[in-house]
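Residue numbers (the numbering used here), protein chains in the order written: chain A, 1 to 261; chain B, 262 to 601.
Certain hints may be false.
[Said to hold, decoys possible] Here are the simulated distance ranges between beta carbons:
#	chain 1	residue 1	chain 2	residue 2	range
1	A	R125	B	D365	50 to 60 Å
2	A	D62	B	L578	38 to 48 Å
3	A	Q73	B	E560	31 to 41 Å
[As the list claims (entries may be wrong)] Covered stretches of chain B, as calculated for chain A (at least 3 residues, CB under 8 Å):
#	segment
4	425 to 439
5	474 to 481
[Stated by the list, open to error] Here are some of the chain A residues that sit facing chain B, going by a computed Cβ distance under 10 Å:
#	residue
6	D90
7	H103
8	L106
9	P249
10	I252
Just so you know, the hints here were simulated from the structure itself, not pulled from any lab data.
Idealized CB from N, CA, C, for every residue including glycine.
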Amino acid sequence: MAIEAEQVGVRFGGVHALDDVSLTVSPGDVLGVIGPNGSGKTTLLNCLSGFYRPSTGSISIDGTGTAGASPAQFRARGVVRTFQNLRVYDELSVLENVLLGMHHELSGGSLMSWRWVAQSLGLPRARARQREAEEHSAVALERVGLSHRIRHRTGDLSYGEKKRLEIARATVGDFRYLLLDEPTAGLSPNEAATLLDAAMEVAGSRPDTALVLIEHRLEIVVSLSSRMVLFDSGRLVIEGAPADVARDPELIRVYTGGDDA
Amino acid sequence: MNSRRTPARGDVFTAGGTLDTRGLQRLQSSAVVRWVAIAILAAGVIVLFNAGDPFTLQVLTVALLNAAITVSLSISFGFAGIFNLSQGSFYGLGAYAAAILITDVGVPFWVALLGSIAVASIFGVLMGFVAVRLRDDYFAFASIAFTIIITQALINLPELTRGGTGFFGIPVVDIFGWRIATGRDSFLLAAIGFTVVFLVTHRVTRSFFGRAMLAVNHDEMSAKAVGVSVVFTRVVAMGLSSALAGLSGCLLTVTMLYIQPSDFSTVLSMNVTLWSIIGGPTSLIGSAVAGGGITFLQENIRAIVDYRLAILGIVVLIAVYLRGGVLRRPSWMRLPKGTR
Chain A
1 MAIEAEQVGV RFGGVHALDD VSLTVSPGDV LGVIGPNGSG KTTLLNCLSG FYRPSTGSIS
61 IDGTGTAGAS PAQFRARGVV RTFQNLRVYD ELSVLENVLL GMHHELSGGS LMSWRWVAQS
121 LGLPRARARQ REAEEHSAVA LERVGLSHRI RHRTGDLSYG EKKRLEIARA TVGDFRYLLL
181 DEPTAGLSPN EAATLLDAAM EVAGSRPDTA LVLIEHRLEI VVSLSSRMVL FDSGRLVIEG
241 APADVARDPE LIRVYTGGDD A
Chain B
262 MNSRRTPARG DVFTAGGTLD TRGLQRLQSS AVVRWVAIAI LAAGVIVLFN AGDPFTLQVL
322 TVALLNAAIT VSLSISFGFA GIFNLSQGSF YGLGAYAAAI LITDVGVPFW VALLGSIAVA
382 SIFGVLMGFV AVRLRDDYFA FASIAFTIII TQALINLPEL TRGGTGFFGI PVVDIFGWRI
442 ATGRDSFLLA AIGFTVVFLV THRVTRSFFG RAMLAVNHDE MSAKAVGVSV VFTRVVAMGL
502 SSALAGLSGC LLTVTMLYIQ PSDFSTVLSM NVTLWSIIGG PTSLIGSAVA GGGITFLQEN
562 IRAIVDYRLA ILGIVVLIAV YLRGGVLRRP SWMRLPKGTR
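Make the full structure from the sequences, and use the hints.
In structure tokens form, the structure reads like this:
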């Protein structure tokens, strides 16, 4: 039971965005990912969620391979994510945005199933399922402190609220691996704390889920994660306990870029 | 003390107690459906008791079918955001499939209806795969090409379609003993067809699939992240929207008993998309009113007939101005009732 990346490499033309990266994320883990801009953190996350296909190496979820799988299939196997840049739907209500996160459950998983037809035609059983999904959504919104915004147009939310909405959307359905790409970027320290508390509450405290957190503020990652990895130029440089990684001289070398640091 | 409230339907159990969500349960609102049903019934009663004039009945029948194809276009064009300029072709494919099946093969109405839906949806699915590859104006060009191909095929396959002179001699059909022989029967059948198309479109667009189509339309990356398959959504949207157009086409054949290739040329396809833009691509009632209303007015107000293209142009300009441009993706808001 884990996501395993084995010697994963991603090349864009001549650029090695990821180079021979192997790592395992098991349920209960909170994996902090740090590294300078362009070091391959987001590329790793895109691989783990099916958005990029590795040029070399492989990724498996719970022991089965993912060759050729689409992001939707990764989602079906329990991988959910957020984006570095906000990707919520301003035109929809807050509730509808969260309901989108229940797509997998409402559609019955497979593409064209009886449940799919029943649900899109609104047959009797489907209404109960829709109501259930709305109740789940309300719970997910309460967890991130957005209950009072449920009926609002998403475009009217503040930046910080939208960030929390994105987390509610990612965690509303069944998931086991939550991947967060710089969730606190652009937030005030206060907002960042609220958001991370919410994320830790849904994922960090449950033994059956794992959290992968890309984060620039070192003190935050160190305090939240159970394990940390440092990336530099597409390679995984160090992996270890947060306190050890934070003290490692490599870290300073990577961030300052000096060979003699 | 400690009088624990009996949980009611709509309550959500959370760590902090119960959270009332009853106000949220209106997304599958049936108010729209109710109003449309009342409007159709009222119109039907008025027509059935007053309009004896066969010309008016025929215009109303065509207007209802045009309204139906405009409503079903909102699935692919309005919700999925596919710049579909070939709705008239799927209508035509359905109409010709029914004509050939009823006249030359001699099948009963229900079989012809299923045949029309099947033919139109097969071509719709094919165009859906095109829509996966081509976006926006590129798909618009492909769909115009498709429309031209279909019109040319209808003209140039005389052994199948009777060619450019049109398909004559379609026999009157019998639906469980109901013969669609008079203008009134035709109007009634078209009204039933329109209602079916409207209800199916309404249900589908209000379901999780409608939400998935909007998601794919507005941000594919985000849609993928929540597990929506972009390919599947686009293909099914095209297939469904075409299947409903095929159904309407079958009804056109059995009510008019004469069809010709020029009925389904690029002119009709372009018009359907224009009506949709005028009525609002994601507004089902707007689409129905624009599609049906403009068809009816064009045939009835002879005084404006010479200027109808100019008038249509002005109306489109107004619609575009109000909605922020044809090329801007149609945006749509879905808010629970009682929202600001």
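Checklist entry - Which hint numbers does the structure go against, in order from smallest to largest? => result Hints 1, 2, 3, 4, 9 and 10 contradicted; others consistent.
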